[in-house]
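Below are the chains, spelled out letter by letter.
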Amino acid sequence: MVIRIAAVGDVHLDEDVVGRFRPALEELPECADVLLLAGDLTRHGTEAEARCVAEEFGGLAVPVVTVLGNHDHQCDQVPQVVKVLEDAGITVLEGNGVVLDCAGGRLGIAGAKGFGGGFAGRCASDFGEPEMKAFVRTTTDSADRLGAALRSLDCDMLVALTHYSPVPDTLVGEPLEIYPFLGSYQLGQAIDSAPTALAVHGHAHAGTERGTTPGGVRVRNVAHPVIKQAYSVFHVGDQLDTDQVSTLGQSGIQRSWS
Amino acid sequence: MTHHRDIDAGPPDEYVEAEIQRLLVEDPAVAEQGITVVRRERALVLHGEVESPHRREEILRRVSERFPDVPITSDIGVIRTQAPTEIEQLP
Chain V
1 MVIRIAAVGD
11 VHLDEDVVGR
21 FRPALEELPE
31 CADVLLLAGD
41 LTRHGTEAEA
51 RCVAEEFGGL
61 AVPVVTVLGN
71 HDHQCDQVPQ
81 VVKVLEDAGI
91 TVLEGNGVVL
101 DCAGGRLGIA
111 GAKGFGGGFA
121 GRCASDFGEP
131 EMKAFVRTTT
141 DSADRLGAAL
151 RSLDCDMLVA
161 LTHYSPVPDT
171 LVGEPLEIYP
181 FLGSYQLGQA
191 IDSAPTALAV
201 HGHAHAGTER
211 GTTPGGVRVR
221 NVAHPVIKQA
231 YSVFHVGDQL
241 DTDQVSTLGQ
251 SGIQRSWS
Chain E
1 MTHHRDIDAG
11 PPDEYVEAEI
21 QRLLVEDPAV
31 AEQGITVVRR
41 ERALVLHGEV
51 ESPHRREEIL
61 RRVSERFPDV
71 PITSDIGVIR
81 TQAPTEIEQL
91 P
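Top to bottom, those sequences are chains V and E.
Just so you know, we're using this note's numbering here: the first sequence kicks off at 1 and counts up by one.
Just so you know, we're using this note's numbering here: the second sequence kicks off at 1 and counts up by one.
Everything hinted at is true.
Among chain E residues calculated to face chain V with C-beta under 10 Å, some are:
1) Ala31
2) Gly48
3) Glu49
4) His54
5) Ala83
6) Glu88
Simulated from the structure, these hints should not be mistaken for laboratory data.
Ideal Cβ positions, reconstructed from N, Cα and C, are used throughout, including at glycine.
Isolated chain V (complex conformation) (with noise of 0.2 Å):
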């Protein structure tokens, strides 16, 4: 069973950018069973901004399913930014999930934002002034819905979407001072708490491509500056056979390696 998964995070969209993404968008149903977007859709997540992802990322042949990221959280339009990605057939999660029937078998997503907190051994703690309090139960209640969301799920593959991190793995490259900004700990426990395959993330745009929870879950940082393409393409699941590269390398795909 292998399942094709594409994923692209902080694409930033605005109307300065509408155009760019498609061509490779227009490629995706020969190599990818569904895309992932990482978060951070929009510049300042407003509904004008949204209306132009819509337009860059709506109307494809494969499912499309996101999460938000702090950007897209900057005017405090969720809500509308929210709905015009659903009124273009994007699946927006948010401490909840999607099983999607694929040709090699049913792809279970659960996604979350996710925040900041940092990393075991040196993360903030729910102590002291409300502040810091609420900034650390905001990272807990979504970690926790995260995880939630992942066991629920009834499918043969699990992943999990996140903007922030789950390790620090994958912020290699980012000053060790602001780890505590790009993610936190309970996101990787969370997905340690499901038998996940792939984690995918973005929000890190100077981070490391690759790194595993602490419970050896696959983790992959797709945030654009980061992979420095329109989306990676990961083939999860049993080892392809010859016949499946060479399908793949007609329609752009040249090469497989592990």
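The hints should help you fit chain E onto chain V, whose structure is shown.
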């Protein structure tokens, strides 16, 4: 953002570096969290990547407008959007 600092001629200091870093994020015309400001002896260098040439120009325009006396060097790229040429297998 604070507005109390008088701009003097001379090498950029830590406060200018901090103010530019915040301007890059908080100025609605920029809103970039992925640009790094590096303080060198003679200038501030802006590193990073953005989604369009227009955004790169806007960053330089806004920073120069706000800090006309600070020498700025820009090394900001526009991120490519081509389809991938490789896949990653995750058995």
